[in-house]
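Colleague: Spelled out from the first residue to the last, the chains are:
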Amino acid sequence: MNHELYSRTMNTRKYLFALIIISILGISGCTGGGKKGGATTLDWWQFWTDPAIKPTIEKIVADYESKNPGIKINLTDLTWGDGHEKIVVAFSSGTAPDIVELGSDWILEFSSNGQLAPIGKEIVTDTGKFYGWPPAIYNGDIYAFPWILGTRVLFINRGLVKQTGLDSNFVPSNWDQLKKLCYKIDSLGGGIRGFGSNAAEKHTLYKKFLPFFWSNGGRIISEDGKYAVISSDKGLDALEFYKELSDSCGMIDTQRRLEDAFLAGKVGVIISGDWLLKRIRNEKINIDFVTGLIPGPQYPGKSFVGGEYLAVSEKSQNKPEALDFIKYLTNRENELIFCKANFSANPSNKETAREKFFTDDPALQTFIMQMNLSKFPPPDPQWVYIEDIIETMLENVLFNGRPAAESLYDARNKIQKLIDEKK
Amino acid sequence: MRSRQSTGFLLASPWILTFLAFWLFPLLYSLVLSFTNYRLLRPSFDWVGFQNFIQLFSDTAFLESLKNTFIFVFGTIPVTTIIALLMAVLLDKRFKGRTLFRSGFFMPSITSMVVIALIFTNLYSRGGYIFILAQMAGLAPPENGYLLSNKTALFSIMAMDIWMSVGYYMLLFLAGLKSIPVELYEAADVAGAGRWRKFWSITLPLLKPVSLFIIVINTIKSFQVFIEIFVMTKGKYGSSSAVYYIYESGLSRFEFGYASAAAYVLLLIIAVFSYLQFKLMKQGRI
Chain E
1 MNHELYSRTM NTRKYLFALI IISILGISGC TGGGKKGGAT TLDWWQFWTD
51 PAIKPTIEKI VADYESKNPG IKINLTDLTW GDGHEKIVVA FSSGTAPDIV
101 ELGSDWILEF SSNGQLAPIG KEIVTDTGKF YGWPPAIYNG DIYAFPWILG
151 TRVLFINRGL VKQTGLDSNF VPSNWDQLKK LCYKIDSLGG GIRGFGSNAA
201 EKHTLYKKFL PFFWSNGGRI ISEDGKYAVI SSDKGLDALE FYKELSDSCG
251 MIDTQRRLED AFLAGKVGVI ISGDWLLKRI RNEKINIDFV TGLIPGPQYP
301 GKSFVGGEYL AVSEKSQNKP EALDFIKYLT NRENELIFCK ANFSANPSNK
351 ETAREKFFTD DPALQTFIMQ MNLSKFPPPD PQWVYIEDII ETMLENVLFN
401 GRPAAESLYD ARNKIQKLID EKK
Chain H
1 MRSRQSTGFL LASPWILTFL AFWLFPLLYS LVLSFTNYRL LRPSFDWVGF
51 QNFIQLFSDT AFLESLKNTF IFVFGTIPVT TIIALLMAVL LDKRFKGRTL
101 FRSGFFMPSI TSMVVIALIF TNLYSRGGYI FILAQMAGLA PPENGYLLSN
151 KTALFSIMAM DIWMSVGYYM LLFLAGLKSI PVELYEAADV AGAGRWRKFW
201 SITLPLLKPV SLFIIVINTI KSFQVFIEIF VMTKGKYGSS SAVYYIYESG
251 LSRFEFGYAS AAAYVLLLII AVFSYLQFKL MKQGRI
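Those protein sequences? They're chains E and H, same order as listed. Our numbering applies: residue 1 is where the first sequence begins, and numbers increase by one. Our numbering applies: residue 1 is where the second sequence begins, and numbers increase by one.
Since the hints were made in silico from the structure, they are not lab data. Be a bit skeptical, because a hint or two may be false.
[Claimed, not checked] These stretches of chain H come out as covered by chain E in the derived footprint (C-beta under 8 angstroms, 3 or more residues):
#1 40-47
#2 249-261
[As the list claims (entries may be wrong)] List time: in silico DSBU-like cross-link candidates among lysine-lysine, alpha-carbon distance up to 30 angstroms:
#3 E/266 / H/234
#4 H/67 / E/417
#5 E/129 / E/266
[Stated by the list, open to error] Have a look at the derived ranges for each label pair, beta carbon to beta carbon:
#6 H/138 / E/384: 37 to 47 angstroms
#7 E/162 / H/140: 29 to 39 angstroms
#8 H/122 / E/159: 19 to 29 angstroms
#9 H/18 / E/317: 27 to 37 angstroms
#10 E/74 / H/107: 40 to 50 angstroms
#11 H/64 / E/406: 14 to 24 angstroms
#12 H/140 / E/81: 31 to 41 angstroms
#13 E/70 / H/7: 50 to 60 angstroms
Computed from a predicted structure; not experimentally measured. Note that the Cβ used here is the ideal one computed from N, Cα and C, for glycine as well.
This is chain E alone, in the form it adopts within the complex (with noise of 0.2 angstroms):
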């Protein structure tokens, strides 16, 4: 190599270092959180940016830091259109939140890749107080606090229910008194359908399935975790039951269409969280309604929950002091603030569900009692594959027609094999 290519080689590489050694410095500079001049900055990710609960979320944050001076809380605002992405990419790249607010669902995601702290130790006189430990448990630890949680009930229009000439007071409380409700509804005719049936929406139709599945006794993993036990003869009466309220009777739509449609006067039952309420009143929607149990074969039967979990990171310098803000963030009054704030009808503590807010309210009440009869879905780091197969079973035998046992029994052998896997 002469002297004059080997020096210019030489130049180009001084420039090329330089500009990576700049760019390099420019990414690093963005990271926060950690100790700043005495105070303590606990970063924290969570997804409640509607203008109507923001407001109540910083100034429970500017309270916490007017009773700890020595904390700042830095908070970063997630959508759930690209959160979960946010996060997975944040926990994988070492520079997730000290503090972060997960999805029910996904806690295991995290806690079983050894990205969240375990708590169990530091909370263990709490767990006697809140609700909806099941999916913050793994390995024997806990991974996540409770925060609001959501279970989903019967919505029924008793203006309908009055055409068809039955008491407006009605509230179905067996499969049987849903069906006759929902054919008499759907016999009214001028368009008007019996019930909101789920089109095949992500995330969305297995929850409306699930209460009909858990309530008739069927499960979708054995206890001891080993085997795949969905392709039963209870959840085949489950399906067929669904199937056939859905085919005879049902609107079928996405849950924003069907809950519109309901709105409407348009169908006559459907299955909604708490957020139909909170649109019923922020809407002013001029609507008779009332809420209930939803129904198992006999009595009434279980429901489907899920819900928000604050989570601490494996890598945060601060875990004690971030626990310390979730516990705040989750008492009975904080709770309770937020509760009346976003009109959230399920409180993991359970103090702040015996509060008058609650107690006076029958459609609020409704959802703390189903909150007693709600269950989760199984724990497993593989629940996202799992929920992929029930929708796809859901799919085939409710709108492409594939026969109910058949689609069951594929479902079973899909999620066996997953277990199979992972051992």
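Chain H: place on chain E using the hints.
Modeller: Chain H only, in chain E's frame:
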């Protein structure tokens, strides 16, 4: 001289760095990942050779999405190209309001795909205008709307895509028509050629370079169909595409190794099709 070269290199380096960091590196890295079982969050991963590729071709969901992608490509490209060509020929003539028509037809191309997809989701749903018009015309639309039926979801998305992209290709054809020398048409007039004769013997052959460009870019775009499906159906009701499948594997289940393998299969298919199109066009078969 050396100083000028260094300055030039320094000025170009932001682009070079961006190219290396955000284009070439991810491209090569995903090729490496396609031979691994890498999943985000998993601390380590293993080299699995061609296992991901073998698994892909026994994965019914992937094969289904690939089939849908081919239906989309072969269903939309000929229709889009023919309509765009006819519209360009019609709008090449002078008549009152021509600019209005040109702008109107081009408008969907500059509108956000997400906005259009959301509007069409409503138009296709039960109670939407298209649904009601079909009912009035006695066409018996699917009970729950066009997007909630296995028989119509994919075709409804294809129809929307044709409506949306036809204006853009019309504009390209118009540009191609402008480049055809008028003398050729005058000579044909002298020779007594009719309108069809001029179209077949002059217009169409001289539009070949533009047609090739349109077919190639439309093929690449159609093989990568994603936004419409993401917004309108989330891949349900038999409408999943190859890119949607890759998105689901990579960004929903975070199976980066498997998703990378699927992406490379798609890349290979697009490359083969683009090569074949160039080859056939050169040989004058299309």
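Colleague: For every hint, state whether the structure bears it out.
Modeller: These are the hints, each one checked on the structure:
1. 40-47: Three-residue rule met by the segment 40-47 of chain H, so holds; n is 4.
2. 249-261: holds (count 4)
3. E/266 / H/234: Since the Cα atoms of residue 266 of chain E and residue 234 of chain H sit roughly 26 angstroms apart, the hinted pair holds (cutoff 30 angstroms).
4. H/67 / E/417: The hint holds at about 26 angstroms.
5. E/129 / E/266: violated, 41 angstroms
6. H/138 / E/384: 37 to 47 angstroms: holds, 44 angstroms
7. E/162 / H/140: 29 to 39 angstroms: Holds, at about 34 angstroms.
8. H/122 / E/159: 19 to 29 angstroms: Distance hint for residue 122 of chain H, residue 159 of chain E holds at roughly 26 angstroms.
9. H/18 / E/317: 27 to 37 angstroms: holds, 33 angstroms
10. E/74 / H/107: 40 to 50 angstroms: holds, 44 angstroms
11. H/64 / E/406: 14 to 24 angstroms: Once the Cβ atoms are compared, 18 angstroms apart, the range 14 to 24 angstroms for residue 406 of chain E and residue 64 of chain H holds.
12. H/140 / E/81: 31 to 41 angstroms: holds, 36 angstroms
13. E/70 / H/7: 50 to 60 angstroms: holds, 51 angstroms
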